[in-house]
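6 protein chains.
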Amino acid sequence: MPMITVDLFEGRTREQREAFAKGVTELAVRILKTTEGHTWILFRDHGKSHWAMGGKLCDQ
Amino acid sequence: MPMITVDLFEGRTREQREAFAKGVTELAVRILKTTEGHTWILFRDHGKSHWAMGGKLCDQ
Amino acid sequence: MPMITVDLFEGRTREQREAFAKGVTELAVRILKTTEGHTWILFRDHGKSHWAMGGKLCDQ
Amino acid sequence: MPMITVDLFEGRTREQREAFAKGVTELAVRILKTTEGHTWILFRDHGKSHWAMGGKLCDQ
Amino acid sequence: MPMITVDLFEGRTREQREAFAKGVTELAVRILKTTEGHTWILFRDHGKSHWAMGGKLCDQ
Amino acid sequence: MPMITVDLFEGRTREQREAFAKGVTELAVRILKTTEGHTWILFRDHGKSHWAMGGKLCDQ
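Protein chains in written order, with our numbering: chain H, 1 to 60; chain D, 1 to 60; chain X, 1 to 60; chain A, 1 to 60; chain E, 1 to 60; chain P, 1 to 60.
What the hints contain is simulated information worked out from the structure, not anything from laboratory work.
Please note that a few of the clues may not be correct.
Below, a list of computed lysine-lysine pairs in the DSS-like style, where the Cα atoms sit at most 25 Å apart [unchecked claim]:
id: 1; chain 1: X; residue 1: K33; chain 2: E; residue 2: K56
id: 2; chain 1: D; residue 1: K56; chain 2: E; residue 2: K33
id: 3; chain 1: H; residue 1: K48; chain 2: P; residue 2: K48
id: 4; chain 1: H; residue 1: K22; chain 2: P; residue 2: K33
id: 5; chain 1: X; residue 1: K22; chain 2: X; residue 2: K33
id: 6; chain 1: H; residue 1: K48; chain 2: X; residue 2: K33
id: 7; chain 1: D; residue 1: K56; chain 2: A; residue 2: K33
id: 8; chain 1: A; residue 1: K48; chain 2: A; residue 2: K33
Predicted model, so just to flag it, every value in this text is computed and none were measured.
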């Protein structure tokens, strides 16, 4: 542990995921007292027409 | 809150997601006593060969 | 399908979950063209100190 | 119940998912004392650049 | 990978989870061609009043 | 977006969750180019007998 999932809009680049994963893992090790190897992060991209906030799809 | 995720077969249209999200948000506000803006809904499409029921993939 | 998960703050009653599940299932059948029996809904309660928005835990 | 989700790297074949689903369902019926029909399994494929372990994306 | 989550009714014992995890891991190694150490399984228990099928809560 | 879920072992304190949420939100804003208010983080605690790695429950 921990298992961290990040559901987000598609469009972020590999470099953004790389930097974010590096930073989050450092925080997990420092704050949650786990190890690097036991920190898993999964990014799941979604189109804006597959996400709704306030009762409306986010592509509107 | 709430965060609502809907895993379903691919093939539903944008209009179906739009109508479903609108209806679910109204229910959340009325019954769960939350606000529109705090109701997030995420649709995740899956092929029938990625879903199993009764021990068989659903494309059979 | 569909599999619907609802992550929300603890404190909602059984009656609220019952009414919400009934309404969401009706919407799923009517709009997503599935059957009652294939609509599964899972409610997961969470304390406000386990949810963060805007960088702050929601119990603040 | 149970609802079982399997997040994994893309690249597995339909035959692998089929055999895995069959085996997991048998285990669920035998060990968890559920029925075949109530065992749902969902496979979600992910590219290696969307998964991080040890602070690095898995395509490295 | 893989990350496997099992949402199920509360009431299963530690021994059941132990046997199920062992069996699923063997299947993952043999069929999905992963390693034991990279197979993570997470069990999440839920009361029957938190799960709905067919529009009704499962405690009915 | 993003919706970030953190499945982890129980035992972390409110202060740890608070610091982690603050740090992750800063990373999301800076790297993923989202806003503070649209960053949701959900922590889900699990006992070690509900998590398996390498085919064994983590309380062993």
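Taking the hints in turn, this is what the structure says about them:
A C-alpha spacing of about 18 Å is found between K33/X and K56/E, which places the hinted pair at or below 25 Å, so the restraint holds. For a cut-off of 25 Å, the pair hint linking K56/D to K33/E stands: about 20 Å separates their Cα positions. For a cut-off of 25 Å, the pair hint linking K48/H to K48/P is broken: about 37 Å separates their Cα positions. Between K22/H and K33/P the alpha-carbon distance is near 16 Å, which keeps this suggested pair within the 25 Å criterion.
Under the criterion of a C-alpha separation no larger than 25 Å, the hint pairing K22/X with K33/X is consistent with the structure, at around 16 Å. Distance hint between K48/H and K33/X is fulfilled; the C-alpha atoms sit about 22 Å from each other, no more than 25 Å. For a cut-off of 25 Å, the pair hint linking K56/D to K33/A stands: about 18 Å separates their Cα positions. Of the supplied pair hints, the one linking K48/A and K33/A is violated, its CA atoms being roughly 35 Å apart against a limit of 25 Å.
The structure fails hints 3 and 8 (numbered hints given earlier, in ascending order).
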